[in-house]
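J.: Sequence:
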Amino acid sequence: MRSHVLGDLTSAELTGLPPGATLVIPVGATEQHGPRLPVRTDAVVSEQVALRAAAEAGPGVLVAPVLAYGSSHHHLPYPGTLSLRGRTLLAVLADLIDSAARTGFHRIVVFNGHGGNDDLIRQAARDAVLDHEITVAAASYWTLGGERLAELARAAGIHHVPGHAGAFEAALLLGLGIEPVGSPPWPQSPQGPQSPHSPGSSGSSAPPADPPPPVERAFVAEHGWVARIDGTTDPVAPATPEAGRRLLDHLVHEFAAFLTAFSARPA
Numbered sequence: 001m002r003s004h005v006l007g008d009l010t011s012a013e014l015t016g017l018p019p020g021a022t023l024v025i026p027v028g029a030t031e032q033h034g035p036r037l038p039v040r041t042d043a044v045v046s047e048q049v050a051l052r053a054a055a056e057a058g059p060g061v062l063v064a065p066v067l068a069y070g071s072s073h074h075h076l077p078y079p080g081t082l083s084l085r086g087r088t089l090l091a092v093l094a095d096l097i098d099s100a101a102r103t104g105f106h107r108i109v110v111f112n113g114h115g116g117n118d119d120l121i122r123q124a125a126r127d128a129v130l131d132h133e134i135t136v137a138a139a140s141y142w143t144l145g146g147e148r149l150a151e152l153a154r155a156a157g158i159h160h161v162p163g164h165a166g167a168f169e170a171a172l173l174l175g176l177g178i179e180p181v182g183s184p185p186w187p188q189s190p191q192g193p194q195s196p197h198s199p200g201s202s203g204s205s206a207p208p209a210d211p212p213p214p215v216e217r218a219f220v221a222e223h224g225w226v227a228r229i230d231g232t233t234d235p236v237a238p239a240t241p242e243a244g245r246r247l248l249d250h251l252v253h254e255f256a257a258f259l260t261a262f263s264a265r266p267a
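Numbers 1 to 267, taken from full-length UniProt numbering, label the letters of the sequence shown in order.
FYI, nobody ran anything at the bench for these hints, they're computed from the structure.
Keep in mind it's a predicted model, so treat the numbers as computed, not measured.
Take these hints with a grain of salt, some might be off.
Ranges between beta-carbon positions, derived for each pair [unchecked claim]:
| hint | residue 1 | residue 2 | range |
| --- | --- | --- | --- |
| 1 | V129 | A12 | 39 to 45 Å |
| 2 | R217 | M1 | 28 to 34 Å |
| 3 | S99 | A257 | 26 to 32 Å |
| 4 | V220 | T10 | 23 to 29 Å |
| 5 | D8 | P266 | 26 to 32 Å |
| 6 | P19 | V181 | 45 to 51 Å |
| 7 | A264 | P79 | 43 to 49 Å |
| 8 | G157 | G16 | 49 to 55 Å |
| 9 | T15 | H132 | 17 to 23 Å |
Beta carbons are placed, not taken as given, at the ideal position from N, Cα and C, and that holds for glycine.
Given only the sequences and the hints, what does the whole structure look like? Please build it.
T.: Right, here's the structure in full:
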C-alpha cells in the first residue's frame, strides 16, 4: 500500500486487499477536558497512537479517519461536549464495521481513547461477528498499555491512569506537541471528590491498601458525578513533554505489537 492512512488512498488502490489486511477504526470523543485541555483530547490521542502504531507495524495495516464523537452524555453539563447516546454509538460502530466487512476487510480493530466508550466498543465487536465471518478486536489504549503504562506514569509523578483531563492526558498532549491552556507552572489545585465508579475515569493507578467495601465491587452509575469532581480527576501540573513522549512511545510500541500479532492470526 502507498500509505497506511485509509483516507489518503483511492478506491482503486483499496481493491483486492491483501489477505492479512487489518483496518483500525480510532474512536474518541468531543467533550470537556477541564480548563486546561482541548475538547478533542480523546480523539487526537486515539488517532495519533493508531497512526504511529500502524506505521511501526508495517504494510497491511490501515487506519480509518477517527470517529471523533463518543458516549459523553455525562459531560453535557459542560460546554463543548458533543455526544452520542450509547445506543447511537453502537449503531454507528455496527454500520462502520459492516461497511468495512462488505468492502473486503476481515480483520478490524476498534481502538478507543475515551472511557465512556469502553464497554460499547466491546459490545460492538461481539455483535459484528454474529453477522459477518470476520474477526474484530476492541481495545482502549490504557488496556493495551498494561501495568507498564502505570509504572511509567508513576515514575513521572502521575498517579491517575488514564484519569480525565488531568496530568496523564496532559502529558500525552504535550508529547504530541499540543500545549495545555495557560503557561506552566500549572497550579497544583486540589480536585473535588472522585468517583471510582465513574464512566471514563479509572481513578488512581496505585492499588488500594485494603479490599474495597462491598459497594465498590460493582459498577455504580451516579447522576451528576462529573459536576461533583469539577470535570477533572487530578491537576495537570506533573505533566511534561518528556513524560508524554515516554508514555506515547510505550503505547505505540504495544499497539504495534498487537497489530502485528492480530494481522497474523487466521481471519
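J.: State for each hint whether it applies.
T.: Taking the hints in turn, this is what the structure says about them:
no.: 1; hint: V129 - A12: 39 to 45 Å; verdict: violated (29 Å)
no.: 2; hint: R217 - M1: 28 to 34 Å; verdict: violated (47 Å)
no.: 3; hint: S99 - A257: 26 to 32 Å; verdict: holds (27 Å)
no.: 4; hint: V220 - T10: 23 to 29 Å; verdict: violated (49 Å)
no.: 5; hint: D8 - P266: 26 to 32 Å; verdict: holds (29 Å)
no.: 6; hint: P19 - V181: 45 to 51 Å; verdict: holds (47 Å)
no.: 7; hint: A264 - P79: 43 to 49 Å; verdict: holds (45 Å)
no.: 8; hint: G157 - G16: 49 to 55 Å; verdict: holds (50 Å)
no.: 9; hint: T15 - H132: 17 to 23 Å; verdict: holds (19 Å)
Going down the numbered hints, you'll see the structure goes against 1, 2, 4, while the others check out.
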